[in-house]
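Undergrad: Sequence lines, in order, name chains A and B.
Each residue of the first sequence is one higher than the one before, starting from 14 at the first, in my numbering.
Each residue of the second sequence is one higher than the one before, starting from 7 at the first, in my numbering.
No false leads were slipped in.
Derived lysine-lysine pairs resembling PhoX-like cross-links, with alpha carbons at most 20 Å apart:
#	chain 1	residue 1	chain 2	residue 2
1	B	K205	B	K113
2	B	K116	A	K62
3	B	K263	A	K409
4	A	K306	A	K403
5	A	K62	B	K113
6	A	K410	B	K263
7	A	K379	B	K242
8	A	K275	B	K158
9	B	K263	A	K351
10	A	K351	B	K242
11	A	K337	A	K308
12	A	K145	A	K81
13	B	K263	A	K411
14	A	K403	B	K263
15	B	K263	A	K248
16	A	K369	B	K242
17	B	K158	B	K55
FYI, nobody ran anything at the bench for these hints, they're computed from the structure.
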Amino acid sequence: MIEVSKKCIGCGKCVPVCPFAAVQMVDRLAVINEACTLCGACVQVCPVKAITINREEASARRDLSSYKGVWVYVELMDVPGGHGKKVRPVTLELLSAGRRLADELGQELCAVLIAEKNHGWEKELGEYGADKVYLSEHPEFFEYNTDIFSTAVIGIINRHKPSVMLYPASIQGRDLAPRVAASIYVGLTADCTALAIRDGLLVQSRPAFGGNIMADILSPTSRPQMATVRPNVMKIDEPRPGRTAIVVREEIKIDKGLRRVKVLERKLAHDKAGTRIDEARVIVSGGRGLKTKEKFRLLEDLSALLGGVVGASRAAVDMGLKDKTHQVGQSGTTVSPKLYLACGISGAVQHIVGMKASDIIVAVNKDPNAPIFNVAGHGVVGDVHEILPKLIDSLKKKGK
Amino acid sequence: MNIVVCVKQVPDSTEVKINPETGHLIRAGVPSIINPYDHAALENALKLKKAYGGRVTVISMGPPQARSVVQLGLALGADEGVLLSDMAFAGSDTWSTSYALAKGIAKIGKTDAIFCGMQAIDGDTAQTGPGIAQQLGIPQVTFCEHVDIEGKNFIARRHIDGGHEIVEARPPVLFTVLVPREFRPRWPSFPEIHGSSKKPYHVWTAEDIGAEKHYLGLKGSPTQVSRIYPPPQRDKAEMFTGSPHEAAEHILAIMRKGQFIGD
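Please put together the full structure from these sequences, using the hints given.
TA: Next comes the structure, spelled out in structure tokens:
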């Protein structure tokens with residue numbers, strides 16, 4: 014468990030950083046009380062390394078059967094134009110997937126909401142399947158920060174002991190989950206595309222080697238069994254209007270000193286309607302074949318008619334046809350929309366890894382041997398400059 | 007400024023296949039390389055060393071042949087190399103790997119920054135970097151496009167979903183880096199390779215780094231691979247050739263079927 018050794022010099026630095034008020038100074042020595050959740054915040058600030066957590070003993074004392082419930086980490090996102098925050102849609106995908114797991118286990122589904130202020134989000138989370146919302150509000154939660162959010166999540170996990178915890182495999186989820194896993198010595202499986210229950214255990218399926226193999230992963234000896242789940246893979250179930258979730262408030266103290274990384278500037282790419290490329294249901298993407306900025310505007314027109322967002326290959330970005338924030342691929346954004354329309358994109362490996370998880374891929378290219386046709390479900394051999402205007406015309410006529 | 011760079015040796019191709027009868031990975035004949043993200047991390051660290059001075063140590067964990075990726079780091083300009091190699095490490099998942107690397111880095115001594123690739127191309131987990139940072143109790147900045155120094159602090163431009171942000175971090179801190187857009191990996195010349203053979207290089211065992219064996223290897227790893235199998239095959243593209251008008255109609259039909267547009 015957690016121990017304070019004789020090395021303690023009584024400096025008191027560990028007292029204010031404890032999010033759970035579990036450290037007190039007694040006779041100028043740190044003493045840790047039963048409110049401790051083993052989050053490790055004190056270990057990190059101790060200048061003489063006097064505080065240690067014995068994880069082995071901690072895990073040996075774990076009674077796995079006392080861990081119950083399927084939890085989903087709620088990711089919030091900025092509403093474009095500085096209009097506050099909203100629940101990121103991938104959270105609803107996780108709730109739908111989590112609901113099925115919870116029903117299978119006969120346990121409850123809980124959402125973990127870490128926010129500066131809750132804006133009635135428990136209603137939405139409840140309608141999409143959550144039985145309970147663990148809510149922690151604090152001014153320091155105004156934006157995501159690794160140290161602050163991981164401290165909060167670790168604390169809530171240690172207090173309430175879930176059996177399964179799911180995070181979106183987004184930048185935020187992939188930043189947060191491994192920190193939590195490292196701290197509490199539990200298994201974490203990255204970027205899962207399927208989840209199931211077998212013999213009471215969570216079976217986590219994920220691609221590896223660039224998608225060339227699939228692996229089923231288990232975490233049999235530790236709880237919670239944690240996974241990050243790839244966005245746009247799990248189907249969102251119909252919400253049940255009026256279904257409510259119980260809110261459980263979690264008091265957590267956050268020391269300002271925990272913010273060790275500061276955000277100086279942030280820039281997001283939205284289309285005109287404010288949809289981000291990684292959230293888009295439809296992406297109309299263009300490559301080198303579009304040749305000029307004027308031609309690239311055809312994609313904007315088509316995308317607007319379909320309610321989508323414009324994407325670009327690296328070649329198109331390098332040619333200055335589109336801003337880098339719209340780049341799809343290894344050095345850009347990984348996307349998985351329901352429809353990906355690739356126009357004049359040859360399909361370099363770096364582009365393909367960023368879009369091959371899309372549901373329906375339609376590719377238009379002059380070259381019948383273009384590699385893009387190896388991942389596309391539908392290939393059209395032809396000139397985008399001739400086909401796109403016809404497509405736009407037809408859609409415009411239909412719109413009238 | 008002391009910088010540690012974590013590198014991993016990976017199979018050269020992502021075209022790794024499965025033997026359908028045994029269900030095992032076929033790695034034979036696939037050459038090993040430095041993970042490309044780690045190569046970018048190494049170059050970023052060496053660039054900082056060149057501009058601001060300091061010392062760069064390259065560390066890897068793997069079988070004896072993983073020495074080659076550490077040697078590559080030395081030949082490209084790193085000052086010291088460390089390979090964590092011990093049968094006790096075999097089969098470690100991301101938890102156990104980050105535990106071992108954190109122990110190894112702690113043994114190297116005072117460190118201002120740790121650079122890791124964003125992920126390795128064989129596992130694609132992106133979990134080891136943050137795991138190391140947590141084990142060492144230091145902050146992390148993940149998915150960096152570029153890291154620079156300003157005064158006593160680091161400034162990083164990092165990728166976030168749908169955009170980017172610029173962040174500032176005090177040392178010590180761990181960075182995970184992407185492959186930058188204009189990245190052209192350098193490969194050492196023969197004199198550089200030759201010269202690097204005199205640089206300090208250590209092989210450390212689990213005992214050397216004070217790692218507790220029950221946290222290592224297959225047994226210490228909280229995750230277990232229960233099965234590997236080929237992914238469901240995507241159907242070959244249904245190809246269409248016709249006049250531009252016919253092609254447009256064909257695409258509209260696909261969109262109607264998928265209910266992206268009305269009938």
